[in-house]
Amino acid sequence: MFAVSLFVCLFVFYISVKSWVGLNKLSVDRQWVWSDGSREISMPWKAGQPDYPETAFCCKSSGGELYDFDCKKSWEEALEHCRSQHSDLACLPTSLHLFQANNKTADMQTDGVWTGLRFLAGSWFWVSGESLGNLVQLPECPASPLYCGSRNLAAKSWESRDCETKLNFVCY
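In mature numbering (1 follows the signal peptide of the UniProt record, and there is no 0), the protein residues as written are -19 to -1, 1 to 153.
Source of the hints: derived by calculation from the structure; they are not laboratory data. Note that CB positions come from ideal geometry on N, CA and C, so glycine has one too.
Result set (SDA-like, lysine to any residue): computed pairs, CA atoms no more than 20 Å apart in a straight line:
| # | residue 1 | residue 2 |
| --- | --- | --- |
| 1 | 137 | 74 |
| 2 | 53 | 68 |
| 3 | 147 | 134 |
| 4 | 147 | 99 |
Simulated DEER-style distance windows between Cβ atoms:
| # | residue 1 | residue 2 | range |
| --- | --- | --- | --- |
| 5 | 77 | 122 | 27 to 35 Å |
| 6 | 114 | 28 | 43 to 51 Å |
| 7 | 31 | 76 | 36 to 44 Å |
| 8 | 103 | 20 | 43 to 51 Å |
| 9 | 30 | 113 | 41 to 49 Å |
| 10 | 121 | 68 | 27 to 35 Å |
| 11 | 19 | 122 | 41 to 49 Å |
| 12 | 76 | 124 | 25 to 33 Å |
Assemble the whole structure, with the sequences as input and the hints as a guide.
Given below as structure tokens:
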């Protein structure tokens, strides 16, 4: 744990560009934890940070200091973010994928999360190109502008939503 903390401190101190770090508040008790679930110890927060104790759930590094921010994005922003991290928005074509995603998203701050579902040219598809499968039940022709697919966490159901809505998201 000390080695990880030392690495993060050195990384945050020496990097001068904005970077994502694995610090978040997605734990049940809303405490800052690392992506592996271990607790955050004293870190080099920017003066006055964290400044959104109730609404910020993610952490970035900028100029050697940490700051918190609200990690909700539109569907397009979420897709761009995932792809910039060499992954994609989560595509959940099988019940195993869906089960794993339900476990990982149980403590998200929004009622739904963006997935890799998109409606275009008259049909729904996964952005990864995988087969849609029979798990997804969405309107055959959603009303404009409800062309992006999210997973409703409480109802454990699929929803078509306005792509500009700001939601949490899952990269996979």
